[in-house]
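K.L.:
Add chain B to chain A, keeping to what the hints say.
Each protein sequence line maps, in turn, to chains A and B.
If you count the first sequence from 1, position 274 lands on 275 in the numbering used here, and the numbers rise without skipping.
If you count the second sequence from 1, position 111 lands on 112 in the numbering used here, and the numbers rise without skipping.
Please note that the accuracy of each hint is not assured.
Each pair may be met inside one copy or between any two copies, as identical chains are not told apart.
[Stated by the list, open to error] Quick list of in silico lysine to any residue cross-link-like pairs, SDA-like style, CA-CA up to 20 Å:
| id | residue 1 | residue 2 |
| --- | --- | --- |
| 1 | Lys261 | Glu192 |
| 2 | Lys65 | Pro94 |
| 3 | Lys43 | Gly289 |
| 4 | Lys96 | Pro119 |
| 5 | Lys266 | Asn320 |
| 6 | Lys115 | Asp291 |
| 7 | Lys261 | Leu326 |
| 8 | Lys20 | Gln210 |
| 9 | Lys72 | Ser14 |
| 10 | Lys314 | Glu283 |
| 11 | Lys314 | Glu276 |
| 12 | Lys266 | Asp317 |
For the record, the hints were derived by calculation from the structure and aren't laboratory data.
2 protein chains.
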Amino acid sequence: MSVKREEPGTLLSFRPTIKVLDATIRDGGLVNNFAFRDEFVKALYQANIAAGVDYMEMGYKADKDIFDESKFGKWKFCREDDICSIVGENNSPLKLACMADVGRTNYERDICAKANSPLDMYRIATYINTIPAAIAMIEHCHKLGYETTVNIMAISNATEKELDIALELLGQSPVDVIYLVDSYGSIYPEEMRVIASKYLEAGAKYGKQIGIHAHNNQNLAFANTIESTALGVNYLDATMSGMGRGAGNCAMELLLGFLKNPKYKLPHVLRFVEEQMPRLREEGAVWGYDIPYLLTGVLNRHPSSAIRFIAEKRTDFVNFYQELLDQD
Amino acid sequence: MSVKREEPGTLLSFRPTIKVLDATIRDGGLVNNFAFRDEFVKALYQANIAAGVDYMEMGYKADKDIFDESKFGKWKFCREDDICSIVGENNSPLKLACMADVGRTNYERDICAKANSPLDMYRIATYINTIPAAIAMIEHCHKLGYETTVNIMAISNATEKELDIALELLGQSPVDVIYLVDSYGSIYPEEMRVIASKYLEAGAKYGKQIGIHAHNNQNLAFANTIESTALGVNYLDATMSGMGRGAGNCAMELLLGFLKNPKYKLPHVLRFVEEQMPRLREEGAVWGYDIPYLLTGVLNRHPSSAIRFIAEKRTDFVNFYQELLDQD
Chain A
2 MSVKREEPGT
12 LLSFRPTIKV
22 LDATIRDGGL
32 VNNFAFRDEF
42 VKALYQANIA
52 AGVDYMEMGY
62 KADKDIFDES
72 KFGKWKFCRE
82 DDICSIVGEN
92 NSPLKLACMA
102 DVGRTNYERD
112 ICAKANSPLD
122 MYRIATYINT
132 IPAAIAMIEH
142 CHKLGYETTV
152 NIMAISNATE
162 KELDIALELL
172 GQSPVDVIYL
182 VDSYGSIYPE
192 EMRVIASKYL
202 EAGAKYGKQI
212 GIHAHNNQNL
222 AFANTIESTA
232 LGVNYLDATM
242 SGMGRGAGNC
252 AMELLLGFLK
262 NPKYKLPHVL
272 RFVEEQMPRL
282 REEGAVWGYD
292 IPYLLTGVLN
302 RHPSSAIRFI
312 AEKRTDFVNF
322 YQELLDQD
Chain B
2 MSVKREEPGT
12 LLSFRPTIKV
22 LDATIRDGGL
32 VNNFAFRDEF
42 VKALYQANIA
52 AGVDYMEMGY
62 KADKDIFDES
72 KFGKWKFCRE
82 DDICSIVGEN
92 NSPLKLACMA
102 DVGRTNYERD
112 ICAKANSPLD
122 MYRIATYINT
132 IPAAIAMIEH
142 CHKLGYETTV
152 NIMAISNATE
162 KELDIALELL
172 GQSPVDVIYL
182 VDSYGSIYPE
192 EMRVIASKYL
202 EAGAKYGKQI
212 GIHAHNNQNL
222 AFANTIESTA
232 LGVNYLDATM
242 SGMGRGAGNC
252 AMELLLGFLK
262 NPKYKLPHVL
272 RFVEEQMPRL
282 REEGAVWGYD
292 IPYLLTGVLN
302 RHPSSAIRFI
312 AEKRTDFVNF
322 YQELLDQD
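Bound-form chain A, shown alone (with noise of 0.2 Å):
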């Protein structure tokens, strides 16, 4: 009756080809507009070279002529230097990540070559109906000497149809790892194996390795995560305490509690999350699950009407929920 895995691995054996990345900087940062003090950064920095993580996601690459430099944390931005007043020259195990939005990020003036950037990988994150931009910008970075995933958001307003026409893209183009996103949290256990395995015959046809991307509105980001691994998703996004725009991501602590290779080890998640965590919430961050978000999460809406309603410190569910039924 259980689902039968597609790589060896049972819950006591584990895949030497399973990557954690932690995006609690990016994520985290549209939860306090990148506003994370350096010496969090740096704490955040050393926590997961201690604790084992492939990849720490150290921002977005935004573009200044979009966004007001004087409204973000310089985690919006990314610069090379900004970095590497973090992480020196970076010389340990752990590759630093950086997310590129389509559209967003001038990529041709703002992404230098990998020689010159202590940055690893670019992470272009799209809608389904600008993969062509996406796929210059990925054939753009691989040019310059970087791994590249894309992020492919909002798939649970997309069709098969086009699900399918989007992977046979990418899988043509020189991307490293194609991502499973829920964006909107909406995604049940049941259909994300589904969605996996789809995703996953894409990736053996192409030679992609797959990621997750979990949301946790309905409780299911953990869930989600761990059942994609069981069929070979590869590539683990995970946030400290869970930290992530509305809902959040799947909490770091729970996956590494989860995962049973050696290299990984929760104590030192456990001390970042200890001696880190309470400051960032009492300096007014505010996420994880809450009802707003599992309703825009049953309805599969975006989460930004559960901010607000949060943001406004409104309480009357029921009302809310009649508000997004109002909308359809």
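P.N.:
Below, chain B alone, put in the same frame as chain A:
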């Protein structure tokens, strides 16, 4: 690749055989020593009726010779007249349940004939080594006219052989429903599907329904509940806002957001949560996913040490993890 269901039902259809049980007063009572205000219990009773919930568990039938009545609220003891003061003659489709622990209930003295009680169902909670005593209680309650369930606790510490024997014994008893209980919140969905299949096989052999009672230590209570449901588990425990010992249970609002049965009406649950749960938290009740519960779940331990850690307002997670490991 998706798990095949043993009964018809897809994400857009539903099984009329599904029954939802609200365990807020019983499992939630472990958080606040059953000190619920009558107004709260009445509002919960009304909300459950309006939401289409099938069963409401009123509390425990604990033995007054073992537990000091002055130290617990009345729902620890579930006297018939206390129940009637809330529900009158219960002229509603909502059935009422009560839990009786093996060794902690004087069932021959305290459980009266169904004709003289507003209760419809007794739920017998047992460890695997007290199954014979549980069967005596099941037979007693069955003869008195009640529906019965048996909830086998702490199965993550039982051997497969022990569980096989227990299911055979219970299959031959008059019990109506056998509950799969993840007492420590230690079971992953992949394991849960295997265990649920084992219970369902025994249930099919002996004509018993299977139920699930999940805990949220690893944020998996909802995922494990709906994964079991997809395989044919029909009796589903949930509590308002997930209220329950330690990390709590599967949240009713998550479960009713998922179930497609048109009889279930989420807004009535949302209204109850909105109007009643904040005051309960203000009164000092503490429950819900937190790192200490994650750690007891990962290590397959009783949550008591995590509950103590949180009650003492400790936040040194690394030390706590080492303390748990040192107990091995």
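K.L.:
Does each hint fit the structure? Answer for all of them.
P.N.:
A quick look at each hint next to the structure:
no.: 1; hint: Lys261 to Glu192; in the structure: between (25 Å within a copy, 15 Å between copies)
no.: 2; hint: Lys65 to Pro94; in the structure: neither (31 Å within a copy, 62 Å between copies)
no.: 3; hint: Lys43 to Gly289; in the structure: neither (24 Å within a copy, 30 Å between copies)
no.: 4; hint: Lys96 to Pro119; in the structure: within (9 Å within a copy, 64 Å between copies)
no.: 5; hint: Lys266 to Asn320; in the structure: between (44 Å within a copy, 15 Å between copies)
no.: 6; hint: Lys115 to Asp291; in the structure: neither (41 Å within a copy, 40 Å between copies)
no.: 7; hint: Lys261 to Leu326; in the structure: between (43 Å within a copy, 16 Å between copies)
no.: 8; hint: Lys20 to Gln210; in the structure: within (10 Å within a copy, 41 Å between copies)
no.: 9; hint: Lys72 to Ser14; in the structure: neither (47 Å within a copy, 48 Å between copies)
no.: 10; hint: Lys314 to Glu283; in the structure: both (17 Å within a copy, 17 Å between copies)
no.: 11; hint: Lys314 to Glu276; in the structure: between (28 Å within a copy, 15 Å between copies)
no.: 12; hint: Lys266 to Asp317; in the structure: between (42 Å within a copy, 17 Å between copies)
Going through the hint list in order, the structure does not satisfy hints 2, 3, 6 and 9.
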